[in-house]
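A.B. asks: One-letter residues, chain by chain:
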Amino acid sequence: MTTLTKTEDSPAPTGPDSFLSVRDLKVRFSTEDGIVKAVDGLSFDVERGKTLGIVGESGSGKSVTNLTILGLHNPRTSTVEGEIVLDGKELVTATERELERLRGNKMAMIFQDPLTALSPFYTVGRQLSEPYMKHKGASKKEAKDRAIEMLTKVGIPQPKMRFDDYPHQFSGGMRQRAMIAMALMCDPDLLIADEPTTALDVTVQAQILDLLKDLQQEFGSAIIFITHDLGVISHVADDLLVMYAGRAVERGSVREVMREPKHPYTWGLLSSMPRLDSSVDEALEPIPGSPPSLLNPPSGCPFHPRCAFRDQVPGTLCSDTRPPLGEGRAAACHLTAEQKQTIFIDKIQPRLR
Amino acid sequence: MSDNLTLPAQQGPSDATPSSTEPLLEVEGLTKHFPIYGGFPIKRKVGAVQAVDGVSLSVGVAESVGLVGESGCGKSTTGRLITRLLEPTAGKITYAGQDITHASRRQLAPVRSEIQMIFQDPYSSLNPRQTVGSIIKSPMEVNGIEPAGGREKKVRELLELVGLNPEHYNRFPHEFSGGQRQRIGVARALALEPKLIVADEPVSALDVSIQAQVVNLLQQVQKELGIAFLFIAHDLAVVRHFSQRVAVMYLGKVVEVGDRDSIYNRPRHPYTHALLSAVPEIELDGGSPEGRERIRLSGDVPSPISPPSGCRFRTRCWKAQDKCATEEPPLVQLSGNRAGHLTACHFPEEPTTEARDEDVVLDPALKALEGDAD
Amino acid sequence: MLQFILRRTVGAVVTLFLIGAATFFLFVAAPSDYASLACGKDCSPQRLADIREALGLDLPLVQQFWDFMTGIVMGRDFPTGHCSAPCLGQSFYSGEMVWDTIMDRFPTTLTLTAGGAVVFLVVGVGAGMISAYRRGSLLDKIATGGSMVLSSFQIYFLGPIVLWIFVYSSGLMDNPKYVPITQDPAGWFVGMLLPTLVMATIFTAQYTRMARSSMIEQLAEEHVRTARAKGMSKPYVFFRYAWRGSLIPIVTVFGMDVSSMLGGAVVTELTFSLQGIGRLAVDGAVHKDLPMTMGVMLFGAFFILLINILTDIAYAYIDPRIRLS
Numbered sequence: 001m002t003t004l005t006k007t008e009d010s011p012a013p014t015g016p017d018s019f020l021s022v023r024d025l026k027v028r029f030s031t032e033d034g035i036v037k038a039v040d041g042l043s044f045d046v047e048r049g050k051t052l053g054i055v056g057e058s059g060s061g062k063s064v065t066n067l068t069i070l071g072l073h074n075p076r077t078s079t080v081e082g083e084i085v086l087d088g089k090e091l092v093t094a095t096e097r098e099l100e101r102l103r104g105n106k107m108a109m110i111f112q113d114p115l116t117a118l119s120p121f122y123t124v125g126r127q128l129s130e131p132y133m134k135h136k137g138a139s140k141k142e143a144k145d146r147a148i149e150m151l152t153k154v155g156i157p158q159p160k161m162r163f164d165d166y167p168h169q170f171s172g173g174m175r176q177r178a179m180i181a182m183a184l185m186c187d188p189d190l191l192i193a194d195e196p197t198t199a200l201d202v203t204v205q206a207q208i209l210d211l212l213k214d215l216q217q218e219f220g221s222a223i224i225f226i227t228h229d230l231g232v233i234s235h236v237a238d239d240l241l242v243m244y245a246g247r248a249v250e251r252g253s254v255r256e257v258m259r260e261p262k263h264p265y266t267w268g269l270l271s272s273m274p275r276l277d278s279s280v281d282e283a284l285e286p287i288p289g290s291p292p293s294l295l296n297p298p299s300g301c302p303f304h305p306r307c308a309f310r311d312q313v314p315g316t317l318c319s320d321t322r323p324p325l326g327e328g329r330a331a332a333c334h335l336t337a338e339q340k341q342t343i344f345i346d347k348i349q350p351r352l353r
Numbered sequence: 001m002s003d004n005l006t007l008p009a010q011q012g013p014s015d016a017t018p019s020s021t022e023p024l025l026e027v028e029g030l031t032k033h034f035p036i037y038g039g040f041p042i043k044r045k046v047g048a049v050q051a052v053d054g055v056s057l058s059v060g061v062a063e064s065v066g067l068v069g070e071s072g073c074g075k076s077t078t079g080r081l082i083t084r085l086l087e088p089t090a091g092k093i094t095y096a097g098q099d100i101t102h103a104s105r106r107q108l109a110p111v112r113s114e115i116q117m118i119f120q121d122p123y124s125s126l127n128p129r130q131t132v133g134s135i136i137k138s139p140m141e142v143n144g145i146e147p148a149g150g151r152e153k154k155v156r157e158l159l160e161l162v163g164l165n166p167e168h169y170n171r172f173p174h175e176f177s178g179g180q181r182q183r184i185g186v187a188r189a190l191a192l193e194p195k196l197i198v199a200d201e202p203v204s205a206l207d208v209s210i211q212a213q214v215v216n217l218l219q220q221v222q223k224e225l226g227i228a229f230l231f232i233a234h235d236l237a238v239v240r241h242f243s244q245r246v247a248v249m250y251l252g253k254v255v256e257v258g259d260r261d262s263i264y265n266r267p268r269h270p271y272t273h274a275l276l277s278a279v280p281e282i283e284l285d286g287g288s289p290e291g292r293e294r295i296r297l298s299g300d301v302p303s304p305i306s307p308p309s310g311c312r313f314r315t316r317c318w319k320a321q322d323k324c325a326t327e328e329p330p331l332v333q334l335s336g337n338r339a340g341h342l343t344a345c346h347f348p349e350e351p352t353t354e355a356r357d358e359d360v361v362l363d364p365a366l367k368a369l370e371g372d373a374d
Numbered sequence: 001m002l003q004f005i006l007r008r009t010v011g012a013v014v015t016l017f018l019i020g021a022a023t024f025f026l027f028v029a030a031p032s033d034y035a036s037l038a039c040g041k042d043c044s045p046q047r048l049a050d051i052r053e054a055l056g057l058d059l060p061l062v063q064q065f066w067d068f069m070t071g072i073v074m075g076r077d078f079p080t081g082h083c084s085a086p087c088l089g090q091s092f093y094s095g096e097m098v099w100d101t102i103m104d105r106f107p108t109t110l111t112l113t114a115g116g117a118v119v120f121l122v123v124g125v126g127a128g129m130i131s132a133y134r135r136g137s138l139l140d141k142i143a144t145g146g147s148m149v150l151s152s153f154q155i156y157f158l159g160p161i162v163l164w165i166f167v168y169s170s171g172l173m174d175n176p177k178y179v180p181i182t183q184d185p186a187g188w189f190v191g192m193l194l195p196t197l198v199m200a201t202i203f204t205a206q207y208t209r210m211a212r213s214s215m216i217e218q219l220a221e222e223h224v225r226t227a228r229a230k231g232m233s234k235p236y237v238f239f240r241y242a243w244r245g246s247l248i249p250i251v252t253v254f255g256m257d258v259s260s261m262l263g264g265a266v267v268t269e270l271t272f273s274l275q276g277i278g279r280l281a282v283d284g285a286v287h288k289d290l291p292m293t294m295g296v297m298l299f300g301a302f303f304i305l306l307i308n309i310l311t312d313i314a315y316a317y318i319d320p321r322i323r324l325s
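Chains as they are written, first to last, in UniProt numbering: chain A, 1 to 353; chain D, 1 to 374; chain H, 1 to 325.
Looking at chain A on its own, in the form it has when it is part of the complex:
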């Protein structure tokens, strides 16, 4: 948890453990309807060997953030400001060639839907071998051996035979395993998993989540795990970042956030989700309204139009002023610490038990 607390004032300090550091990231898209502020002033750090979970709904900017880290955003329609420092290397200003050397090598990505994310035209083996040959200068034979080793590692039966199969000959779970094997080919230091289990069945999801955890232990990569599912996050992540409307609204270790969430949006997420042990007699407590349009986000705190507790904040603070997200364990909310604690204990916690 050191990264969450030991960030100095200077914008790009990377502590000895902070492997990836994002500072005040702003990503904007120009569309026909106007400028979309997909990510608006986001900062976070990831440590080696740790998993940062980023949770948020559609349009929260969580996927855009990670495509931007890899430099896969469309440069024609988007502008990126801020800093992304990976192992001492600034990525926002890096050239395409420099990024290409890092992608698939130092940082790799796992996508949501392995059926569309793997090319239907080439064998799984070829798609696995390619990055290894490119980044490690390996021969075809070496790449094949490595690919078979990785396929074995992720639990694909008969990997030697499956090497020459096409993705459509794999089942959904096997495809995602192949995707993970592909991401791990070059032993990346940073692995970004964008909703890697959302398209999978629950029993397969459980296998894949455990597999990722076990593989992380073996490979020691830092993982950014993006999902909309707090349950999944609480199983895989060490640290947690809750995003809303392109901003981080709450940050802390998973344990801290789950035990005592501090942001009204996080409260809303937790109390709107039915759990296997929650009471069935009480209605769920949904967050009213819908997520805001990023073309024209609300002023001040982006959550204020949906927030049930804004009347406890004096004046028009919520609609005027954007609450800052402090360092370390923090929530971007104008409620005072005492108010947050009282509300949580009196109103939120009872619903969750």
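Mixed in with the good hints, there may be bad ones.
[What the hints assert, rightly or not] In silico DSS-like links for lysine-lysine, alpha-carbon gap of 27 Å or less: (1) A:K136 - H:K234; (2) H:K41 - H:K288; (3) A:K141 - H:K41; (4) A:K144 - D:K92; (5) A:K26 - H:K234; (6) A:K89 - H:K41; (7) H:K234 - A:K140.
Treat the hints as calculated values from the structure; they're not laboratory data.
Here the structure is a predicted model, which is why all the values come from computation and not from measurement.
Please build the complex by placing chains D and H on the supplied structure of chain A, with the hints as guidance.
C.D. replies: Leaving out everything else, chains D and H in the frame of chain A:
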């Protein structure tokens, strides 16, 4: 809210017990095989996707029955068979005492309005060229129903009931968010004052914060209007929240069915155990998921074109024996189970979801990696 | 695969037979026939009967049809001599063997088609690809705008303009004509240059637009993004991953275009006064020349079916999902 509706008051949901009176919907041995053609030189039927194979279940008046299972288990096909969007290959569907298994369009007409469907995708299930008003109105027009006060008034009432602004009568679906679109779908289903709604994954395409809104709406509809639900979903927590009884499907068959508490707290079928243990639950105390059993199956669900002989779950089951391959386990009440809790298993598990002495890990990769770690 | 080709070939033969039957019976059902046309104004019943007998039109319809169809496989004997297989009969109008006439005209059509195909594949698809690769650039805008304008032109509009510029007003070139490539390759090239280019220009514009949009669609595919995320370079991803998928629509349209051109590029041939298959088809219909019409129809249909099969094989080669299902 409910006084907007002219629906006759029906008996409230019976408390977690299936009504002893005649069920509203009864399904027996329902089967759907989709033929596969191939061969040379003349194409012929070479096999069949056994999507649904002998499913029996019942839904009481104003009861909510959940149907859970993973993709390809046939839960959606079952829903489509019951609403007769698909023609059953075999079996029998009885609605309110009437056999509608192979009823013709005309025979079905009076029943059609009483059984409605809500679909998963709120984007593709609404015609983008129609206004919300005409979308909700059209089922009344098709069925020639003229409610008191006119159709338009009724549509406005329905819009209000599902939490939309009646002023938005003339708007088009694209002007609404995903959650609002699903509300439109609910309003359309309610237009004919149905007695049974088959909801196929009604909230799985929605954002978490919106999901709860729609679940609450459906629950309100179910309780206040006394509408029976067949709630088809893969999310076990949502199904538990919504349904009084739950049926678990695997590869075209119901493997376990029973009261909510019975299924979720005292499951007997190994697959139900595996399913429940795979749900990634939030650990609110911030701890690890200790206390719950950990079962990790290997691989994916087998192909429904050539399902395993005997018990279909046996290829992924840790308790499977020779008997499982030769003999299909019947769906019966096991000793020690509550009435109505039926399980199809030769070697059922202990009725608990508590952690075991040793995890069941069938996945070879996981086993290898976890073995290394020790 | 072999099974697939076999099945498709059998299907193609059946289709050809049905097309033959349809053409034949539709033709004879038409109100005027060749015999009365050839008989002229001062026609006597006796003369009409003589003509009919000479042409074999006195035989029962089914017999006529059967003779024609078996002739394709076995060859036929006519009073004027033997017509060896594949025999498409003897033209009523010219008295020539239809097959020989078609073979005489085919090189013209083949030159047009092949020449055109090379141009619009290389230039058209190439320009579309570059345009997609440099999307939003000046080059892209020129290519998109230019192809938009050109593809809305028509051969019978562009053709005369080109002829006027290069032939009639400046005298830079002779009137287009076909010279066999075996006799005079240079003459062949020069003679067919203008018609081929004019026809290719319009097709090229269409292929540019199609290749561009198909490529842009492929570039938005998730697997293309995955390839980028692996660190593969932009050109590599473009030509390995995106290109492959963009081929399917191009191959589809290409197959359709080429097969219909081989059956006769009527407008181009008429515009440039070339003697190709298209011209034969028009003349056959005008003269009520049954064997000629049948011959040209079946000849064209043959190419359509053949290229259809080739297209499907190409699909299987491009996309393993088709190959392995």
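A.B. asks: Straight-line Cα separation of K144 of chain A and K92 of chain D no greater than 27 Å?
C.D. replies: 54 Å, violated
A.B. asks: Check whether the Cα positions of K26 of chain A and K234 of chain H lie no farther apart than 27 Å.
C.D. replies: Holds, at about 25 Å.
A.B. asks: Next pair to validate is K136 of chain A with K234 of chain H; report whether the Cα-Cα distance is within 27 Å.
C.D. replies: 19 Å, holds
A.B. asks: Is the Cα-Cα distance between K234 of chain H and K140 of chain A 27 Å or less?
C.D. replies: Holds, at about 21 Å.
A.B. asks: K141 of chain A and K41 of chain H were given as a pair; does the straight-line alpha-carbon distance stay at or below 27 Å?
C.D. replies: 84 Å, violated
A.B. asks: Can you confirm whether the C-alpha distance between K41 of chain H and K288 of chain H stays at or below 27 Å?
C.D. replies: 17 Å, holds
A.B. asks: Decide if the proposed pair is consistent with the structure: K89 of chain A and K41 of chain H, CA atoms, cutoff 27 Å inclusive.
C.D. replies: Measuring from Cα to Cα gives roughly 95 Å; hence the hint is violated.
Going down the numbered hints, you'll see the structure goes against 3, 4 and 6, while the others check out.
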